[in-house]
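Visitor: These two chains come separately, so use the hints to put the complex back together.
Quick note, the sequences are listed as chains B and C, same order.
Numbered by the UniProt record's numbering, the letters in the first sequence go through residues 1 to 341 in order.
Numbered by the UniProt record's numbering, the letters in the second sequence go through residues 1 to 419 in order.
Please note that the accuracy of each hint is not assured.
[Said to hold, decoys possible] Cross-link-like lysine to aspartate or glutamate pairs, in silico, EDC-like; alpha carbons within 20 Å at most:
| id | chain 1 | residue 1 | chain 2 | residue 2 |
| --- | --- | --- | --- | --- |
| 1 | B | 47 | C | 104 |
| 2 | C | 339 | C | 107 |
| 3 | C | 348 | C | 107 |
| 4 | C | 315 | C | 66 |
| 5 | C | 182 | C | 216 |
| 6 | B | 47 | C | 127 |
| 7 | B | 47 | C | 107 |
| 8 | C | 315 | C | 304 |
| 9 | B | 97 | C | 145 |
| 10 | C | 178 | C | 396 |
| 11 | B | 128 | B | 212 |
| 12 | C | 67 | C | 304 |
Hints were generated in silico from the structure; no laboratory data involved.
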Amino acid sequence: MTELEAGRAQALTPVRGGAALHRYRDVLIALIAFAVLASLPLFTGSKALLDFVIRCSAYGLFATSLNLLVGYTGLTSFGHGMFFGLGAYSFGLIMQKLGVPIPVAFVATLAITAMVAAIIGAICVRLKEIYFAFVTLAFQMLIHSTILSWASFTGGDQGLRGGIPRPAFLGIDLANHVHLYIASCALLILGLLAMRQIAQSPFGYTLRMIRDNAARASFLGIDVWRAKLTVFVLAALFASMGGMVMALFVSGAYPEFAYWTISGEGIFINMLGGVSTFLGPMVGTVLLLLLNDTVTRFTEYHGIVLGVVILFFALGLRKGLLDFVAEWFARRRDAGEGRHA
Amino acid sequence: MTRTRTPGISRRSTLALMGAGAMSLAAPWVARAQSKTIKIGMPTILSGRVAQLGTSSRNAVMLEVEKVNAAGGLAGRQIEMVIRDSKGQPQEAARVSRELVNTDGCELLIDAEASSGAFAVHEVARDLGVFCIHTNSETSALTADPKQHIPNAFRTARQGVHDSIVGGSYAAAIAKAKGLKKWATCSPDYAYGRDTTAEFTLYLKRFAPDVEIISESWPKLFQPDYTEVVTKILQAKPQALYSCLWGGDLTSYIDQANIYAMFGQMEVFAVNMADYTALTVVKNLPKGIHSGNRYIKTFPTTPENAAWGDAYKAKYNEYPTNWSWENATAVMLMAEAAKKANSADGKKIAETLKGLTIKCPFGADGTVTMRGDDHTLVGYAIGWGTTIPQEPYVPEVKAGDWKTIFELEAEWKKSKGYT
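Pulled out of the complex, with its shape left as it was, chain C reads as follows (with noise of 0.2 Å):
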């Protein structure tokens, strides 16, 4: 037998491979034609100094869209979600949600940036006229100034002078009780820390007119050493502390404020220390710090919310952050509107979105809406307690008002002018 065929790829196989190569690229516009799945873009930060958080997005929207999709999907569409590293780097959050949008199809954004990321996938959103739902900035001014708005944006997160006032009011009525004139602060140094401390202030002052700021300190954002701000607070001998450091600056500063035991010393208001990432982490947890809500599972003191943060232990194996619960109601809320609307489509969720209430674990009476007028988010659990130093590690919140926040947010965006 003569053998006729050289070596190598033969004609035949050749065609069959480009056929299949034609194919292969061909199926992503087929799918899309065909399938009913529909696919959300999320930018998150997954690597770097905040990953732990920017995972804990992750894992909560998955967690959420899971649910989604077993009760049959967005309106009838499963929803596949992209996700991808910003790197919390303003230009790649722009450059990633372009790309999700115009490369990947995605059709809606879950847009978890941080501060100036959040701004940069905001002018994405107006620039193509995506829905864009924002689940991690609490910079009041995204949503608060007009400037801002655009029909299809929306945010999930709590809102930076919601927890001013709330913070503010609880810590005067602590001020009046306690006798405490002067108050220290020590916040970083950046917008955030800035704002939120000038914020507090000015509500502590407002319903306890003799608070008198003795010290201020401004640690840099991600300081390994905080000896000479300890020793600064300490000289000044103020009756009471407010700081806004958060994450690992905030156990690092207990960890070494513990050895000059400071805490004995004054009254400690750390906005940002009942969170489990800040809980779990601190070694010696002292008793007493008082604390707002960013997230914890025992409030509000729900089955429905106790239950929400054990299926993420469980599935996940650690507690969820204040960015899970934030990303949870984002896919809670779209699933609603998706319902109401009959249609997964991005303007008309955006429309049924608009002034919507729904049932929800971190609702301060077991609701939160979404506030028609400017696209935030509205009637979430918010309130402050002290820490004990094991579980449940803040066993009892007071919850702010919502009343007395709606009044003083008015107020607020009347002396900014954003109304």
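Next up, chain B with everything else stripped away, as it sits in the complex (with noise of 0.2 Å):
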């Protein structure tokens, strides 16, 4: 160890006792935030906002996860709906045709994704920018198509009919609105925790040294498509989980959760709610869910509706709405302490 090394080394050593003490935080904040979405069922008999969670859960997996990707290491990706749509009918097809236990086809769903993933993300991770995000989707395409041409097994454009079965276990119900409704919650808080754990880990930094700076964090002895595809795999687990979480709501799984739609809709999410703060695609999917549920009530020209915010959103405000307001805390806590100074 140099004498610059050493030194370094005790200055970061109270950073890490940071680091841990935010990790607490995390998980008490998870914990808090559990505890009140899983109360609620006790305060209101809404059936609607229990599904509106459950939505919230599936698409906030999905879009948070590709934050993973999109905003932490600069891969943006334009198939990441495939895994969406993979986690969906594997779970699906793995219930209706083997009926396991729901764990168990949850396990192996993880696992079919992070095989898939792996021999996709192998190939996509060595491309750049719009190379990376073209084969992205052609990748999602390939997907899609396949469900569509593969019907004998899929079900074709009809999806997976006939409903998944909801075998209970261990005294959890799926089949039971409120027991779904609480694992979804789990599912979905669980997952964030696990992605705020990446994105805090020094594998987190060295995602952002990526995207800031590929060929410096190449020097540096990182081995960069290694580190790609880990993060390309485990984002493609969450946007599986995501994937579960649909099929169970719906009772079924459909080709258009696999379709290129389902991946802009991740993308719009991200820029709604901003990629620069971990729970920007999570505010961004409360966003969007609740506009699409409210415009639709009213107007079959929800089109127009979403397009203007949008707009406003890429024209106006330039950023995700998160992003805008952890600027303007900033920009008044700078203000406030240059008073003070």
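Guide: If you want it as structure tokens, here you go:
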């Protein structure tokens, strides 16, 4: 260890302690969030609200996992929806054809997703920017076409028919609406917490470095390809979890889940909520679903309304909502410090 | 005089506002308890490529609901329709249906979704136990497959296998009479296109065993350019062509094939031609295309059917579609069942609906029946005829024989392992 390094190591120690503190804080926030969400059915009998939170879980997991790629690593994937669809279909098919307990199907689906993501990722992450975006899109269309044409197995464009069986396990009966709701909340919170850990870990900072300057990261001895592939697979796993929640919610899986529009929605959610904060995509999810649900109640011209909202965010704010709020707070704080100084 | 009141909202008006707010919040519950209206939810496709069909479903339902309401409503309760767009996405169809039942308080559902959306709504009906009529999905499995069967769901749409049996026997008769042995097919590349074509050729070969399929084309759904498909078919030189392209795809196909004078070189059987959405849009409708009836006001040739088509046109300034009659039939059946059961309760309507036969302008013999054992509509007008370029477009339609349909359908169900 050189003198310089030793000095830096000393300087780093308190930061590490701070990281541990942050980690406990994150866990605490997650626990509180889960407690609040889980106690919601006690206060309200609104099934629509519970439905809304279940859908937020599915899309939230998906969009936040996309942000691991877009916001943290600088990999703009246009095909992330394929893992959402893959999760929904794998889970649905395993439950329908094999009739195994739900946790087994859950783990098996994650294993399948990891395998497929590793293969697709190995090809895609070598590419940069627009090439990466388009090759992921191509793979998405490949998976979508496979679902459509392999009708004897996947049901083609009619989707998985006949409902997904949901046998009870460990006293949890996902056919029960409240049980499904609590399970979705649990998956969402666990998923978010895990992704937060990834983002805040040294690996997460490696990703940020790759995003900002891949050549420098490479010169520092980081295997850029391997880091990108790892995050690609990890993000796929969480997207797949989102797909499973959606499959449980609609009790089926449909080719639309693997279509490019789902990826587009993911990108849109990230634009709405913002990619520079961890919870940006979650805010975006709530915003988009809220907008979608209220606007479709009143008009069939929802496309126009959503388009105007996109324009407002893209041209007006020029960033996502949470980015905007975070910057506003930062400016206020700086101004405040400036006054005190 | 001094002003004692500060400008702004006074306490009294605040209280009044709060009271009004509470009233308006409570109003739906009070209204639900007191009024006799019954809400019927209807998810359908009102935006995107097939919005025209969704709109025509809504139009037909509103036309019939007005009549039912004028006659006293559904077992004495006025119907209020809550119609919402699903954008043709199954997850949205599921969400919207759940919202209609759970939030808007709809007691019955008319599911005007196509293909995968209908299966998504079917799962909601299974989950919530709400009464549901599928009006647009022609996929046979929806009612034929016993795994799909639930006591509270019905279908008033035509069924793919019925169409194929009638089309196959009609085409076989012409094939035999004109000696058409070499056939080509050209259908959209998705489940409906593949299944319908397979079933059609199955029955065609059954009635005319020496028919041979020499060329198959599978253009993509919503494909804009059909040049390669048309030239491929022309090179194969078939004597006849079968196609189940529909809507905009069919009209662009015909417009493009016209350039190659294709329709003079072979007999064309296009099952989805005889629908006003296709007939009125094609630039030069060739004479002599064979087509199944979708909706046409001249078949069945009854005054009731013609009057219904004219009433629709008078109200909406366009002709009804295939989806229109299917949705109108759903309302007619529900109204009759509610009358018989003397109740608008979903369970009671479902019980009465089983095996119910009603008078209907779209019936082959003036009546249609909701078959009891698989909850699907039978006895509707089904037939084939040839086109002419102007109204009435398909002057003579040869009606299909329901006895044959029933026999072959039973056989088909057995072969699929459904019975």
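Visitor: For each hint, tell me whether it holds in the structure or not.
Guide: Right, here's what the structure says about each hint:
Proposed proximity of residue 47 (chain B) and residue 104 (chain C) is supported: the alpha carbons are some 11 Å apart, at most 20 Å. Taking the CA atoms of residue 339 (chain C) and residue 107 (chain C), the gap is about 16 Å. The hint holds against a cut of 20 Å. Straight-line distance between C-alpha atoms of residue 348 (chain C) and residue 107 (chain C) comes to about 12 Å, which keeps the hinted pair within the 20 Å bound. With a CA separation close to 12 Å, the supplied pair residue 315 (chain C) and residue 66 (chain C) stays within the 20 Å bound.
Annotation: proposed proximity of residue 182 (chain C) to residue 216 (chain C) holds, straight-line Cα distance about 12 Å (limit 20 Å). Only pairs whose Cα atoms come within 20 Å are accepted, and residue 47 (chain B) paired with residue 127 (chain C) is accepted, the gap being roughly 13 Å. This hinted pair checks out: residue 47 (chain B) and residue 107 (chain C) have alpha carbons roughly 15 Å apart, not beyond 20 Å. Simply put, residue 315 (chain C) and residue 304 (chain C) have alpha-carbon atoms about 17 Å apart, close enough for the 20 Å limit, and the pair holds.
Proposed proximity of residue 97 (chain B) and residue 145 (chain C) is supported: the alpha carbons are some 17 Å apart, at most 20 Å. Taken as a hint, the residue 178 (chain C) and residue 396 (chain C) pair is honoured in the structure, with Cα atoms around 19 Å apart against an allowance of 20 Å. Using a Cα cut-off of 20 Å, the hinted pair residue 128 (chain B) and residue 212 (chain B) holds, with the two alpha carbons roughly 13 Å apart. Distance hint between residue 67 (chain C) and residue 304 (chain C) is fulfilled; the C-alpha atoms sit about 15 Å from each other, no more than 20 Å.
Comparing the model with each earlier hint shows no violations; every hint is respected.
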